[in-house]
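Enquirer: Listed below are the residues making up each chain.
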Amino acid sequence: MLLNASGCLDALTAPEVARSLDAFVTKTITPEPREGNAPVRIAETDAGMLNAIGLANPGRERFVAETLPLLRELDVPLWVSVGGFSAAEYAETCAALEDVAAIELNLSCPNVDEAPESAAAIVAACRTATGLPLYAKLSPAAWDIAEGARAVEAAGADGLSLVNTLRGLALDPRTLRPTLARGTGGYSGPALKPVALAAVYACATAVEIPIVGMGGVRSGLDALELIAAGASAVALGTVLFGDPEAPVRVRAELAAEAAERDLGHPLDARALAHSSLQMSVSRSGNEMQKVPGNRPKVTA
Amino acid sequence: MRRELRRVTGSEPIGPYTLLRLAQGGLDAGIPGQFFMLEAPGRVLPRPMSVCLAEAGELSFLIDPIGPGTRALCALGSGDEIHVLGPLGNGFDLDVERPLLVGGGIGIAPLPYLSQQLGGPPAILGFRSELHAEAVALLPGAEVCIEPVYVTALLPEEHRAVLACGPEPMLAALRTLVPDAQLAWEAPMACGYGACYGCAVEIEGELKRLCVEGPVLCAA
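Those protein sequences? They're chains A and B, same order as listed.
Take the first sequence: its position 275, counting from 1, is numbered 275 in my numbering, and each next residue is one higher.
Take the second sequence: its position 119, counting from 1, is numbered 419 in my numbering, and each next residue is one higher.
A portion of the hints provided could be inaccurate.
[What the hints assert, rightly or not] Short, incomplete list of chain A residues facing chain B, as computed with Cβ under 10 Å:
#	residue
1	V17
2	S20
3	N37
4	R41
5	I42
6	G48
7	W143
8	L240
Everything labelled a hint here was simulated from the structure, so no lab data went into it.
Source: prediction; values computed, not measured.
Even glycine gets a Cβ: it sits at the ideal position worked out from N, Cα and C.
Next up, chain A with everything else stripped away, as it sits in the complex (with noise of 0.2 Å):
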């Protein structure tokens, strides 16, 4: 299954590039509407770029109104992307959806304050709120994300959303000041790609929920090895501003990878990072190894 990140795809402005998604994610909805931050929003750096947009949104009211009817008649499934600034806010904005395939909560923007209860407490608010499937998007810079993720999955989250981008900062290279207005931004990109593969892999083993991969994803491959991280979905962002046919490539990579290597399909794939090790580690005759039951479930 094939997303675009949250935030790196407007539908309504570019509809057939979201058609060609298993599923649609919206830009994070605020309960008031936010004008985001001032110019300038955006730096490439070599490896990747930053990003301060600020969580531009029409706003809870208006997009229920307004923006979500006109989604619908993309006939895509949508995820909606739910930010704010205290649990309540979340769990409103999720009391106030219906009839979408998700909901991802968005608990860590680099580029806004946070809310001050922890992710747990958030998915707790929203999971009381809403029927929904919940998605918890974590971010990589925790020292332990499995912790984090072990935390949302106790509080009613359906699945989980790594990763999102990691705050860096850009100089302009003449006046050795911050590149962007609001300083630092949040760093996606090929940069990315690692840190998001081991957010995966680490989080595959410590929860029983669904994962969805994002981070650096350019390629087929890519996608494959969060999969084989543990991943049983994968998202686009950067890649889509350089190539909004990237969704279509990457399927047909995806199919290729999964082909050349004898998997029926590409989420046969799926945990198979963590078995190699256990190759490994029992060869070595090591009694540490770990038992089979401790493998991921593999539910797609």
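For chain A, the structure is supplied; the task is to place chain B on it using the hints.
Expert: Quick look at chain B alone, frame taken from chain A:
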């Protein structure tokens, strides 16, 4: 909006700038002022460039090598291939009477194609040096000034339909002097098709995406 792999047919220096020529193939040249996202080899993001010339089966882009992406584009040679996406955004409204083209620096880029479409109206160009002013070769007959003289000093007394592209201070000055001018603005862009929200500029008191609302905006 179409993305195609296009072959470089030539690249030549014009003053400090480079005119990059691509085989047009099946690409629509679009309306003057519209732009294309050009793949910058070795970089993560493409670069937005307006069409400078569209003739003889070629699309040409005037590029100022000011950073790693534009330098990569200027380093391309005949036979190289890059991905091109476009045409994107809103171009100039060509239904105007007594047009006057105004360009500043690399803002001359969309004016040769615009001039061709409008039948060669008068033009005023401003540059920061004699070397930069060599770009007037792309728009023969244009009136030229060099800093510290600015294009605003050369504006005629009588009203003209001004179509302009140039640095922000120049456009801001024109907006005040010619309230109905059509101005082509610039902003850093990651995607060019409304996906990234990176190119937000203040339009009618609100931050809006320049790639969707512009890049040509009416001053009023």
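Enquirer: Which of the numbered hints are not met once you compare them with the structure shown?
Expert: 2, 7
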